[in-house]
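Residue numbers (my numbering), protein chains in the order written: chain A, 47 to 369; chain B, 47 to 369.
Do not rely on the hints blindly, as some may be mistaken.
[Stated by the list, open to error] Taking beta-carbon pairs under 10 Å as the criterion, some of the chain A residues facing chain B (in silico): (1) R71; (2) R83; (3) S267; (4) V282; (5) R286; (6) W352; (7) C354.
Think of the hints as simulated: they come from the structure by calculation, not from any bench. Beta carbons are placed, not taken as given, at the ideal position from N, Cα and C, and that holds for glycine.
The primary structure of each chain is shown beneath.
Protein chains: 2
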Amino acid sequence: MEPNLSQDGGSGRLLLVAGTHGNERNAPWLLEQWRQRPQLLASAGLELELMIGNPAALAANRRYIDRDLNRSFAPELLRDPERQELEVLRARELLELVGPAGRRPCPVVLDLHSTTSGMGNSLVVYGRRPTDLALAAAIQARLGLPIYLHEADAAQTGFLVERWPCGLVIEVGPVAQGLLQATTCRQTQLAVEAACDSLAAAAAGSLRLPDGVTVHRHLGSLDLPRNAQGQPAAIVHPLRQNRDWAPVHGGAPLFWQADGCSLGFEPTDLGFEPTDRELDHWPVFINEAAYGEKNIALGLTRRERWPCAVAWVDALRQCLRRN
Amino acid sequence: MEPNLSQDGGSGRLLLVAGTHGNERNAPWLLEQWRQRPQLLASAGLELELMIGNPAALAANRRYIDRDLNRSFAPELLRDPERQELEVLRARELLELVGPAGRRPCPVVLDLHSTTSGMGNSLVVYGRRPTDLALAAAIQARLGLPIYLHEADAAQTGFLVERWPCGLVIEVGPVAQGLLQATTCRQTQLAVEAACDSLAAAAAGSLRLPDGVTVHRHLGSLDLPRNAQGQPAAIVHPLRQNRDWAPVHGGAPLFWQADGCSLGFEPTDLGFEPTDRELDHWPVFINEAAYGEKNIALGLTRRERWPCAVAWVDALRQCLRRN
Numbered sequence: 047m048e049p050n051l052s053q054d055g056g057s058g059r060l061l062l063v064a065g066t067h068g069n070e071r072n073a074p075w076l077l078e079q080w081r082q083r084p085q086l087l088a089s090a091g092l093e094l095e096l097m098i099g100n101p102a103a104l105a106a107n108r109r110y111i112d113r114d115l116n117r118s119f120a121p122e123l124l125r126d127p128e129r130q131e132l133e134v135l136r137a138r139e140l141l142e143l144v145g146p147a148g149r150r151p152c153p154v155v156l157d158l159h160s161t162t163s164g165m166g167n168s169l170v171v172y173g174r175r176p177t178d179l180a181l182a183a184a185i186q187a188r189l190g191l192p193i194y195l196h197e198a199d200a201a202q203t204g205f206l207v208e209r210w211p212c213g214l215v216i217e218v219g220p221v222a223q224g225l226l227q228a229t230t231c232r233q234t235q236l237a238v239e240a241a242c243d244s245l246a247a248a249a250a251g252s253l254r255l256p257d258g259v260t261v262h263r264h265l266g267s268l269d270l271p272r273n274a275q276g277q278p279a280a281i282v283h284p285l286r287q288n289r290d291w292a293p294v295h296g297g298a299p300l301f302w303q304a305d306g307c308s309l310g311f312e313p314t315d316l317g318f319e320p321t322d323r324e325l326d327h328w329p330v331f332i333n334e335a336a337y338g339e340k341n342i343a344l345g346l347t348r349r350e351r352w353p354c355a356v357a358w359v360d361a362l363r364q365c366l367r368r369n
Numbered sequence: 047m048e049p050n051l052s053q054d055g056g057s058g059r060l061l062l063v064a065g066t067h068g069n070e071r072n073a074p075w076l077l078e079q080w081r082q083r084p085q086l087l088a089s090a091g092l093e094l095e096l097m098i099g100n101p102a103a104l105a106a107n108r109r110y111i112d113r114d115l116n117r118s119f120a121p122e123l124l125r126d127p128e129r130q131e132l133e134v135l136r137a138r139e140l141l142e143l144v145g146p147a148g149r150r151p152c153p154v155v156l157d158l159h160s161t162t163s164g165m166g167n168s169l170v171v172y173g174r175r176p177t178d179l180a181l182a183a184a185i186q187a188r189l190g191l192p193i194y195l196h197e198a199d200a201a202q203t204g205f206l207v208e209r210w211p212c213g214l215v216i217e218v219g220p221v222a223q224g225l226l227q228a229t230t231c232r233q234t235q236l237a238v239e240a241a242c243d244s245l246a247a248a249a250a251g252s253l254r255l256p257d258g259v260t261v262h263r264h265l266g267s268l269d270l271p272r273n274a275q276g277q278p279a280a281i282v283h284p285l286r287q288n289r290d291w292a293p294v295h296g297g298a299p300l301f302w303q304a305d306g307c308s309l310g311f312e313p314t315d316l317g318f319e320p321t322d323r324e325l326d327h328w329p330v331f332i333n334e335a336a337y338g339e340k341n342i343a344l345g346l347t348r349r350e351r352w353p354c355a356v357a358w359v360d361a362l363r364q365c366l367r368r369n
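In isolation and in its complexed conformation, chain A is listed as follows (with noise of 0.2 Å):
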C-alpha cells in the first residue's frame, strides 16, 4: 500500500525523524527516497510526516552543533527563556509543527538512529508507558527485535520520543558515522513498515499481542578503564565487540588492555550486590563511538520477560484517535 505523504495543512498520524543525529545518515537517505518515490514504504495507509531532526548537523555532517538535539527535549530547558542554542530552538520548532498539539499534531514518533556498536536491529522504549510497550511488543511480535527499555538514568534525560504521546527509538548498527550503508537502510525500513502495520492494527481495532514481550531492562552504564590525565588505560574487550545483547556474568573479560591483559565484569563496580557475581547482564551500546564523550563504553541491563497488557492496547488505540 502507499503511504500517504501529509503536506501542509494536513492532520500528520505518523511522524517519523531522521537525522536527529546528523552523522547518522542512513534514515535521512531514506526519507529522501521515500519522499520521491512513496511507493517505496508499505506504510499500511498511515499518513506519515517525514521530517530531518536537525538539518544543521546533517550538512554538517556533526552529531550535534550546540548540543545533543535527543538530549534537549527536557520540559524544564524547552521553556527556559534562556536557553537558546540551535538544537533547543530546534526542539521547540518541531514540537510546534509536528508535536502532538502542533500545527500538524502527531501522537506518534519514530526517532530512527544508527550505531556503531552491534546492536542489530532493535528498539529503544524511554520509560514504561502502554502506548510505547504495546507497539514494541508489536513490533517484536513481527520481527523478533530486542527491546532496550531505558528508564532511571539522571545522567540521560530529555529524549525527543518522550515528547509525544507514543514514541520508540529504531536502532540500527554497526555502521559508521557519516556512512551509507544499505543494509543499514534494510533494517530500518523493515522495522519502520512493522511499526506502520502494528499502528495501523492498533488503529482498525485488529491489534493482538504476544503473551509477553522480552525487554532489556537499564542498570546502569560503564565508562572505560581511565588513567590520572582521563585517557583509556584499557579499551573494550575484543570478545565485547558486536556482542550486544550477549549475556556476561562476573569474572568475564570486559576490557583488555594494550599489554594482552583482560579486565573482567564485577558487577560490584556498577553498585550491584556482591550476589550478583552469579547472574547474567546484558551489555548494550557496547562501544558507541558517540558515547565517548558521555563517559559511557556499555550500558547494561537485565533481561525480563513481562506479561503483555491488554491495557496497552487500549492505550495505543485511544492516544491515536487523539487528533
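Following the hints, complete the assembly by docking chain B onto the known chain A.
Using the frame of chain A, we list chain B on its own:
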C-alpha cells in the same frame, strides 16, 4: 627486544606517525601505551620516533581542522608562504622536526591509519620507489598483508609518506571513526612489528625477499551514482560492503537503490576498454566514510604479481645508512 625511544637530540631511525587524521584514534592510543611502556612494542632494536600527526584534529576528534593533513605534503604547497592553513603549518613542522633533513632525522616513516572500509590489515604504497617496495614486500612475506599501490591519480596528491625516503601507510579496518577497537589496535601493532623486523634485517644486511610481491595497482576511483542535486541516488551494494580485495567483473552488482534494484559494474564507466568487461577488477576502500567529500565510493585496482628486485633491498639498506 625493547624499543629505544629517541629523546630530544637523538638520531631517530623509524618514525611512527599516528593521528594524521584526528578521528582515527586507535594508533594514537597505541602510541600513548608505547610511550608509557616501551617494552609493549617489539621494535627489533630500532630507534623510534613517535609522533602524533595532527594533535589539534585529534583533540577535536575530527579528520582535520583546515584541510586534510595527508594531502598537505605536496612540495609546491609546502614552499608557498601564502599557505598558512593549520595542516600546512603542521606538515612543515613535522618535516623540520623529524623529516629526512630535520632536527632528529628519520629516513623511514610508517603512517598509521584506520578506515571504515573492510580493508583488514593492509599496506598502501605511493608510487614505485624501490625502498617502499622492499619494505612492503618484506612485510607481506611476514604477515601476508595485501598491498594497495597508489599512483597516477592527479586528484589525490600530497601524501605524508612521500616526503620521506621510505614510507608506507598501514591501513586497518573496518572501524568507525572516533572509535577505539581492540582488534584494530592488535592489527596495527602486528604490522608495525613486522616493519621493524624487516627494517632491522635490512640494516643488518640480512633481509631476504621472496621471489615476488602481490600488488593491487590503482586504476581509478568510482563515485556513487548521484541525482541532479548531487545527492546519492544509490549506495554501495550489500554484496560489496566489507568485500575489499575481492574481484569484480563487468555486470557485478556495485550499487544498490532504495527500491532494491542493483546497478552493475561497467568498466567503460571508468574509461576502460569494453574488452575489460571480462577482466577482474579489485575494489579497495569500499565505502570509506571520509571519502564521501572526495566523491570516492571505492577505488578500483588490478591485482598483479611483480618479481622482487635485489636492487630494492640495496636501496632500503642505503636509505637506512643515510643518517
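Consistency of the hints with the structure:
Checking R71 (chain A) against chain B by beta carbon gives a least distance of about 9 Å; that is within 10 Å, so the hint holds. Of the supplied interface hints, the one on R83 (chain A) holds, with its beta-carbon coming within about 7 Å of a beta-carbon of chain B, less than 10 Å. For the restraint placing S267 (chain A) at the interface with chain B, the shortest Cβ-Cβ distance is roughly 17 Å, beyond the 10 Å limit, so the hint is violated. With its C-beta approaching chain B no nearer than about 6 Å, V282 (chain A) sits inside the 10 Å limit, and its interface hint holds.
Against a cut-off of 10 Å between C-beta atoms, the interface hint on R286 (chain A) holds, since the closest Cβ of chain B lies about 9 Å away. Hint status for W352 (chain A) relative to chain B: violated, with the closest Cβ pair at about 33 Å, above 10 Å. At a threshold of 10 Å, the smallest CB-CB gap from C354 (chain A) to chain B is about 33 Å, leaving the interface hint violated.
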